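Order-wise, the sequence lines are chains A and B. For the first sequence, position 95 (counting from the first letter as 1) is numbered 163 according to our numbering, and the numbering increases by one without interruption. For the second sequence, position 127 (counting from the first letter as 1) is numbered 188 according to our numbering, and the numbering increases by one without interruption.
Treat the hints as calculated values from the structure; they're not laboratory data. A quick note: this is a predicted structure, and the numbers were derived from the prediction, not measured. Idealized CB from N, CA, C, for every residue including glycine. One thing to keep in mind: the hints can contain errors.
[To be verified] DEER-style ranges, computed between Cβ atoms: (1) B:Glu186 with A:Glu175: 18 to 26 Å; (2) A:Gly102 with B:Pro200: 16 to 24 Å; (3) B:Glu165 with A:Thr75: 53 to 61 Å.
[Said to hold, decoys possible] Mimicking DSS-like on lysine-lysine, the simulated pairs with C-alpha atoms at most 30 Å apart in a straight line are: (4) A:Lys89 with A:Lys159; (5) A:Lys89 with B:Lys73; (6) A:Lys138 with A:Lys89; (7) A:Lys138 with A:Lys88; (8) A:Lys91 with B:Lys73; (9) A:Lys105 with B:Lys73; (10) B:Lys189 with A:Lys138; (11) A:Lys158 with A:Lys91.
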Amino acid sequence: MEKDTLTLYPQGDLDMASAKKVKESLDSILCSRGGLKQLIINLGDVHFIDSSGLGMLIGCYKTMYGRQGKMMICDASDNVYRVLELSGMKKLMPVMRQESQKTARGESYGKR
Amino acid sequence: MGNDNRVELRVKSIGENVSLVRMMASGFLYPYDVTFDVLDEIKIALSEAVSNCMIHGYDNAEDQEVVVTMEVQNRHLTIQVQDTGVGIVDIARAMEPAFSTREEHMGLGFVFMQTFMDHIEVCSEPGKGTTVIMRKQLPAGEQQMSDAG
Ligand SMILES: Nc1ncnc2c1ncn2[C@@H]1O[C@H](COP(=O)(O)OP(=O)(O)OP(=O)(O)O)[C@@H](O)[C@H]1O
Ligand SMILES: [Mg+2]
């Protein structure tokens, strides 16, 4: 059934303040859709993530796991992917990186 | 050196100020021509240190203050993040990967600070507060490299 899968597109930085907001809206979505079997988080528009953002993602994973559902992360940029990798998240769920980078790695930031 | 600089920021302990501190760091580092990767590493380490002060040091109380000092000397960056909160009883234990005193946290903050900075030092006294000092040598920017070659 189509309704069994939901894809979410958080935007901006996922840190302490924003992760809290995303978590609140996610919790109410997960609560109202008890039959949800697969949650896909598309991180294509997330350019920064720290441990608070990761904690929020793990929280979602636990909720999905608790109801025998699945979760996956896709479209992670190189910087975000590196943090997801370091966190060991890949052992829990599929994590897919962005196919083409929006900003080239190693590109210089700042004054010329 | 003409390019050396130092700033001190005092921010109220509200979550929104974590991203403000990151933006300040981006502005502060702009003259040093670092790569986006290096900038990102510094922003993650800073974000971890500042959110730890707010979450753990102040138990999410929003009427406290976090002091962030950033300094560059000869392309050597030093960041100091300080709170006057509860402090840490066992620093070595707190710095172990996956150690957390909070259920919903994963204990990754210090792992990221250690991974993304060259050196980290933690001073803390229960009841007095915590100071984290992180250092990183900024790699030579493209400008310096082309000047040299
Ligand atoms: N400024 C601080 N004041 C008091 N205790 C702290 C402070 N910073 C860290 N700690 C203690 O050290 C532990 C480990 O910190 P760390 O950042 O590695 O993990 P965490 O914050 O618990 O989880 P995460 O960073 O993954 O959300 C914390 O759980 C807390 O007990
Ligand atoms: Mg932390």
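Going through the hints against the structure:
1. The hinted range of 18 to 26 Å is not satisfied by Glu186 of chain B and Glu175 of chain A, whose Cβ atoms lie roughly 42 Å apart.
2. Evaluation of the 16 to 24 Å hint for Gly102 of chain A and Pro200 of chain B yields a failure: the beta carbon distance comes to about 51 Å.
3. Glu165 of chain B and Thr75 of chain A have their C-beta atoms about 24 Å apart, which leaves the hinted 53 to 61 Å range violated.
4. For a cut-off of 30 Å, the pair hint linking Lys89 of chain A to Lys159 of chain A stands: about 26 Å separates their Cα positions.
5. With a C-alpha separation of about 19 Å, the suggested pairing of Lys89 of chain A with Lys73 of chain B holds against the 30 Å cut-off.
6. Distance check on the hinted pair: Lys138 of chain A and Lys89 of chain A sit about 22 Å apart at the alpha-carbon level, within 30 Å; holds.
7. For the hint pairing Lys138 of chain A with Lys88 of chain A, the CA-to-CA distance comes to about 22 Å; that is within 30 Å, so the pair holds.
8. Only pairs whose Cα atoms come within 30 Å are accepted, and Lys91 of chain A paired with Lys73 of chain B is accepted, the gap being roughly 23 Å.
9. Taking the CA atoms of Lys105 of chain A and Lys73 of chain B, the gap is about 41 Å. The hint is violated against a cut of 30 Å.
10. Of the supplied pair hints, the one linking Lys189 of chain B and Lys138 of chain A is violated, its CA atoms being roughly 44 Å apart against a limit of 30 Å.
11. Of the supplied pair hints, the one linking Lys158 of chain A and Lys91 of chain A holds, its CA atoms being roughly 20 Å apart against a limit of 30 Å.
Of the numbered hints listed earlier, those contradicted by the structure are 1, 2, 3, 9, 10.
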